[in-house]
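Chemist: Protein chains in written order, with the working numbering: chain A, 94 to 376; chain B, 492 to 849; chain C, 5 to 322.
Keep in mind the hints are simulated off the structure, nothing from the lab.
From the three backbone atoms N, C-alpha and C, an ideal C-beta is built for every residue, glycine too.
Among the hints, erroneous ones may be present.
Below, simulated DSS-like cross-link-like pairs (lysine-lysine); rule was C-alpha separation at most 30 Å, straight line [stated by the list, open to error]:
| hint | chain 1 | residue 1 | chain 2 | residue 2 |
| --- | --- | --- | --- | --- |
| 1 | A | K268 | A | K309 |
| 2 | B | K584 | A | K228 |
| 3 | A | K185 | A | K228 |
| 4 | A | K188 | A | K268 |
| 5 | A | K309 | A | K351 |
| 6 | A | K150 | A | K185 |
| 7 | A | K139 | A | K185 |
| 8 | B | K841 | A | K268 |
| 9 | B | K620 | C | K140 |
| 10 | A | K150 | A | K351 |
| 11 | A | K188 | A | K309 |
| 12 | A | K363 | A | K351 |
| 13 | A | K150 | A | K191 |
| 14 | A | K191 | B | K620 |
| 15 | A | K228 | B | K839 |
| 16 | A | K191 | A | K268 |
| 17 | A | K228 | A | K191 |
| 18 | A | K268 | B | K839 |
| 19 | A | K363 | A | K139 |
| 20 | A | K139 | A | K268 |
| 21 | B | K584 | A | K268 |
| 22 | A | K139 | A | K228 |
| 23 | B | K620 | A | K139 |
| 24 | A | K188 | A | K363 |
Covered stretches of chain B (chain C as the covering partner; in silico rule of three or more C-beta atoms under 8 Å from a C-beta of chain C) [what the hints assert, rightly or not]:
| hint | stretch |
| --- | --- |
| 25 | 525-535 |
| 26 | 576-589 |
| 27 | 611-619 |
| 28 | 636-642 |
| 29 | 742-755 |
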Amino acid sequence: MNTPVSGKVFEVANGLHARSANDDGIADGDELLVADNVSLSFGGVKAIQNIGFDILKGEIRAIIGPNGAGKTSMLNVINGFYHPQEGTITFKGEKRSKIRPYMAASQGISRTFQNVALFNGMTTLDNIMAGRTLKMHRNFFWQMFRHGPALNEEIEHRRAVEEIIDFLEIEAIRKTPVGQLPYGLQKRVELGRALAAEPTLLLLDEPMAGMNLEEKEDMSRFILDVNSQLGTTIALIEHDMGVVMDLADRVVVLDYGKKIADGLPTEVQKDQNVIDAYLGVPH
Amino acid sequence: MFYREAGQYKTNYIADSAIFPILQDRIAIAGFLAIAFVIIPYFGNDFFINSMMIPFLIFSLAAIGLNILTGYTGQISLGTGAFMGVGAYACYKMTSIFPDVNIMIPIVLSGFFSAGVGMIFGLPSLRIKGFYLIVTTLAAQFFLEWCFIRVAWLYNYNDSGAIEVPQRELLGWIVTGASATPTTRYLVVLSVVVAMTWVASNIIHGRIGRSWMMIRDMDIAAELMGVRPLFAKLSAFAVSSFYCGVAGAMMVFFWLGAAEVESFDVNHSFLILFMVILGGLGSLLGSFLGAAFIWMLPIIIRAVPDIIGLNINAATVEHINFMIIGGLIIFFLIIEPHGLARLWAIAKQKLRVWPFPY
Amino acid sequence: MDLLYNVFVDPFAQMAALPDFLLQVLWEGFVSGTLYALIALGFVLIFKASGVFNFAQGIMVVFAALSLVGLHALGVPAILALILALAIMGVLAFSVERLVLRHLVNQPDIILFMSTIGLTYFLIGLGELIFGGEPKSMITSELGLPTGSTTFEIFDGILILQHIDIAAAVIAAILVIGLGIFFSRTRIGRALRAVADDHQAALSVGISLNQIWAIVWFAAGIVALATGIMWGARSDVSFALQIVALKALPVLIIGGFTSIPGAIIGGLIIGFGEKIFEVYWGGLLGGGVEGWFAYVIALIFLLFRPQGLFGEKIIERI
Chain A
94 MNTPVSGKVF EVANGLHARS ANDDGIADGD ELLVADNVSL SFGGVKAIQN IGFDILKGEI
154 RAIIGPNGAG KTSMLNVING FYHPQEGTIT FKGEKRSKIR PYMAASQGIS RTFQNVALFN
214 GMTTLDNIMA GRTLKMHRNF FWQMFRHGPA LNEEIEHRRA VEEIIDFLEI EAIRKTPVGQ
274 LPYGLQKRVE LGRALAAEPT LLLLDEPMAG MNLEEKEDMS RFILDVNSQL GTTIALIEHD
334 MGVVMDLADR VVVLDYGKKI ADGLPTEVQK DQNVIDAYLG VPH
Chain B
492 MFYREAGQYK TNYIADSAIF PILQDRIAIA GFLAIAFVII PYFGNDFFIN SMMIPFLIFS
552 LAAIGLNILT GYTGQISLGT GAFMGVGAYA CYKMTSIFPD VNIMIPIVLS GFFSAGVGMI
612 FGLPSLRIKG FYLIVTTLAA QFFLEWCFIR VAWLYNYNDS GAIEVPQREL LGWIVTGASA
672 TPTTRYLVVL SVVVAMTWVA SNIIHGRIGR SWMMIRDMDI AAELMGVRPL FAKLSAFAVS
732 SFYCGVAGAM MVFFWLGAAE VESFDVNHSF LILFMVILGG LGSLLGSFLG AAFIWMLPII
792 IRAVPDIIGL NINAATVEHI NFMIIGGLII FFLIIEPHGL ARLWAIAKQK LRVWPFPY
Chain C
5 MDLLYNVFVD PFAQMAALPD FLLQVLWEGF VSGTLYALIA LGFVLIFKAS GVFNFAQGIM
65 VVFAALSLVG LHALGVPAIL ALILALAIMG VLAFSVERLV LRHLVNQPDI ILFMSTIGLT
125 YFLIGLGELI FGGEPKSMIT SELGLPTGST TFEIFDGILI LQHIDIAAAV IAAILVIGLG
185 IFFSRTRIGR ALRAVADDHQ AALSVGISLN QIWAIVWFAA GIVALATGIM WGARSDVSFA
245 LQIVALKALP VLIIGGFTSI PGAIIGGLII GFGEKIFEVY WGGLLGGGVE GWFAYVIALI
305 FLLFRPQGLF GEKIIERI
């Protein structure tokens, strides 16, 4: 699909892959997540109506649509932040209708946000370490003394985090509080934080919003590397059609909370409903 | 010029993750500890130790407690005074029920009582945020104050309604009660404060501290990263109240000698909050700087009229004191909302690159 | 069994047996509820317009009342003292905007909140320095406010209504209606609501934030003065009031932080609830429950309806 940019990235990525928790018994190309007939409304506003689609393991799945189409709401349903009134989500073969966000995280769903949601008071390093929260288990007693197992654990995870820092090429801002970083770098740190959790499914909510061309190219490269080197399944919301057509394996199109098309990028591109949704039709 | 980190290479992650990675900082800390443990007990007079150092250390500990909750976890609390009270009354009850037990055991155990009470009043924080939390902590403050008055069992049915500290020994030294010398009490307090500060620093720099800060900075994202809000918030309430409880117990046992409900009223909650704000939210060093500032400043202001020979009555000085503290709080918030600790960090940064601007 | 009886049966039996006493208790609750509502009103005004959680509202009440009494004690006629006290609140509003708020634009809410705590301390010191710390009595009759009381015979018993309490309720109603008209009908009122919605958007259409803030703080100062007079007339003018004023917080929790009717109804709920609980149930707990009852009610409220009675349901977006 693509070649890694440098040997270093390749090595690092392989190192990460070796420890990724991707041994969940689902082969590449099988259904990882299925949304079935999901509906969500806030008061009278119907954000999502009877949407159903699947995400296959190992693919990059794009969710597109005009503003207010319900894309972000869909991601929020997938990782348990919103609870749909109807329908179910099946993840790794396990059906659920209600879940708390931290449970979704522990099942291997990780995400980035439309408006960067970093921990502004913390450094880049701490932000990415934060992504490893679920991997760390040493109890309060050891934490109190920062010796023995707690310190070993901290250092071991620090090593994993440094690999991600290398991978994303953000070594120089390791100890900078993220609030001071420019927008493009914040987005990159946020991706790093999501990667640190070694997710099975990575949800990216407009990872390239507000970026210039060069930054978009960098980000696209990272997304492709993550997908091919780490084998992480990715669901992606993006407005830049060029990016979507290049990156995505399959695309689902939403409009006014309904699904209007689903298929390969080239198919979707020609779909009359999609063209109408984007360009508008005379009523 | 002497504050340079050039040449101090970190060759492993342990060294790079250390809490004080710069050599000069470690030397300075050692120096401060030497002064605190050796020079002050040796040269300090009773007034200095009893009226300045002991309360300063105790309030620093309470400020660390509140800072864990407010500065690191982002939950505002106005119940600090009451949580200190829980520690003090719990310690008093334990030492009157088990008079022969080493005094340090009830002091530490009293922290657990306070932690338990803190967790109960922390429960609403799971549903509500920000300013709303002020009300629940005020509920704790006023309800507990009421308990300290109405539940006579807490003060052993004394007619005065006060708790009075009995005499207790530690390793053969009299550490509490009227005949304990200020220096002995100071050393006990200092040891506890140093040990607990070290532990607080470890917790904050580890996984648990990080999960608190995640909740503080962006609670939704924290939950999506796998932090359980229930555990993170309640553990912050528990640890915070533990620190406040131990501070409260030490305040009565090693400083005041006797206390009534007034020692734990809402004004004390404010006092500790000021220390935390002025010192710096989310900074352990700030807790000490804030406590020193808020505690020492009035003493200095009180002393000024005498020194320059003015004859102002005590009440007037007290009023001026209030005005100065209030004014300074506003002033500091305007020039540096992140408190004294940030000013210190900026100074340090400047020193590191001196004589160049950056 | 005894406990259940004492908690669930006996208080109601007492209420039914002495209905005149119950009415008296309800009236007391109504009056203190009005005063809580007035303090809460000052809070709401400032919170609505600037998002500042003004901790100093309580001390502003004390300060306004002290200025009035203090000026009168210096020999200023009552009406002139009233006008001067208003002027002092105006100067205070102007200085707060000029010296504090203006420098803290765009800071997080918690910083603004802390600055009002600083202001509280400053005003406590200033008030005590100028007027002294001892309690003073309000110049009720000099201001032309009614004193004395009327006794009604009702349910074979008596109900005593203090005239000052009736006046307090009337003045509170006038204030609320007046502020309501001011906010909904005037240009400044509209600008103020615009500022409340979005500072930057308001600035962009040419509304002066500084002017609006000064006006709101002055309005809150007027409310504080009215509250101070009423409260002072019922008890004393003293700094202890500042702690009582914290009860406006639970009132706001129940009514919602931005709703003027909410502040009134919240105040009344707390006022009624507190008095009834103290009189009929307080004895079981050893009395003195008025100190925390309001907070506990607010806490329970928060657990079930975090946005208050009139607040909008919070939908979190991400």
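Chemist: Compare the structure with each hint and give your call.
Modeler: Each hint tested on the structure:
1. Distance restraint check for K268(A) and K309(A): the Cα-Cα separation of roughly 24 Å lies within the 30 Å cut-off, and the hinted pair is therefore satisfied.
2. Our distance criterion of 30 Å between C-alpha atoms is broken by K584(B) and K228(A), whose separation comes to about 42 Å.
3. For the proposed pair K185(A) and K228(A), the alpha carbon gap of about 20 Å is at most 30 Å, so the pair holds.
4. Note on K188(A) and K268(A): the hinted pairing is violated, with a Cα-Cα distance of about 41 Å set against a maximum of 30 Å.
5. Note on K309(A) and K351(A): the hinted pairing holds, with a Cα-Cα distance of about 29 Å set against a maximum of 30 Å.
6. Distance hint between K150(A) and K185(A) is fulfilled; the C-alpha atoms sit about 9 Å from each other, no more than 30 Å.
7. Note on K139(A) and K185(A): the hinted pairing holds, with a Cα-Cα distance of about 28 Å set against a maximum of 30 Å.
8. Between K841(B) and K268(A) the CA atoms are separated by roughly 17 Å; this keeps the pair inside 30 Å, and the hint holds.
9. At most 30 Å may separate the alpha-carbon atoms for a hinted pair to count; K620(B) and K140(C) exceed this at roughly 39 Å.
10. Using a Cα cut-off of 30 Å, the hinted pair K150(A) and K351(A) holds, with the two alpha carbons roughly 24 Å apart.
11. Of the supplied pair hints, the one linking K188(A) and K309(A) is violated, its CA atoms being roughly 36 Å apart against a limit of 30 Å.
12. For the hint linking K363(A) to K351(A), the alpha-carbon distance of about 18 Å falls within 30 Å, and the restraint holds.
13. In summary, the hint linking K150(A) to K191(A) is supported, as the alpha carbons are separated by about 22 Å, within the 30 Å threshold.
14. A hinted pair counts as satisfied when its Cα atoms are at most 30 Å apart, and K191(A) with K620(B) qualifies at roughly 23 Å.
15. Taken as a hint, the K228(A) and K839(B) pair is broken in the structure, with Cα atoms around 35 Å apart against an allowance of 30 Å.
16. A C-alpha spacing of about 38 Å is found between K191(A) and K268(A), which places the hinted pair above 30 Å, so the restraint is violated.
17. Simply put, K228(A) and K191(A) have alpha-carbon atoms about 24 Å apart, close enough for the 30 Å limit, and the pair holds.
18. With a CA separation close to 16 Å, the supplied pair K268(A) and K839(B) stays within the 30 Å bound.
19. Note on K363(A) and K139(A): the hinted pairing holds, with a Cα-Cα distance of about 27 Å set against a maximum of 30 Å.
20. For the hint pairing K139(A) with K268(A), the CA-to-CA distance comes to about 44 Å; that exceeds 30 Å, so the pair is violated.
21. Between K584(B) and K268(A), the direct Cα distance comes to roughly 48 Å. Violation of the 30 Å bound is thereby established for this hinted pair.
22. As the CA atoms of K139(A) and K228(A) are separated by approximately 37 Å, the hinted pair breaks the 30 Å bound.
23. Restraint check: the Cα-Cα separation between K620(B) and K139(A) comes to about 28 Å, which is no more than 30 Å; the hinted pair holds.
24. Under the criterion of a C-alpha separation no larger than 30 Å, the hint pairing K188(A) with K363(A) is inconsistent with the structure, at around 34 Å.
25. For the stretch 525-535 of chain B, the stated coverage by chain C is violated: 0 residues have a C-beta nearer than 8 Å to a C-beta of that chain, whereas at least 3 were required.
26. Here's how the stretch 576-589 of chain B fares: 0 of its residues keep a CB closer than 8 Å to some CB of chain C, so the rule of at least three is not met and the hint is violated.
27. Counting residues of the stretch 611-619 of chain B whose beta-carbon sits less than 8 Å from any beta-carbon of chain C gives 3, enough to reach three: the coverage restraint holds.
28. Counting residues of the stretch 636-642 of chain B whose beta carbon lies closer than 8 Å to any beta carbon of chain C gives 4, which meets the minimum of three for the stated coverage.
29. Note: the stretch 742-755 of chain B has 0 residues with beta-carbon separation from chain C under 8 Å; the three-residue rule is not met and the coverage is violated.
Violated hints for the displayed structure, listed by number in ascending order: 2, 4, 9, 11, 15, 16, 20, 21, 22, 24, 25, 26, 29.
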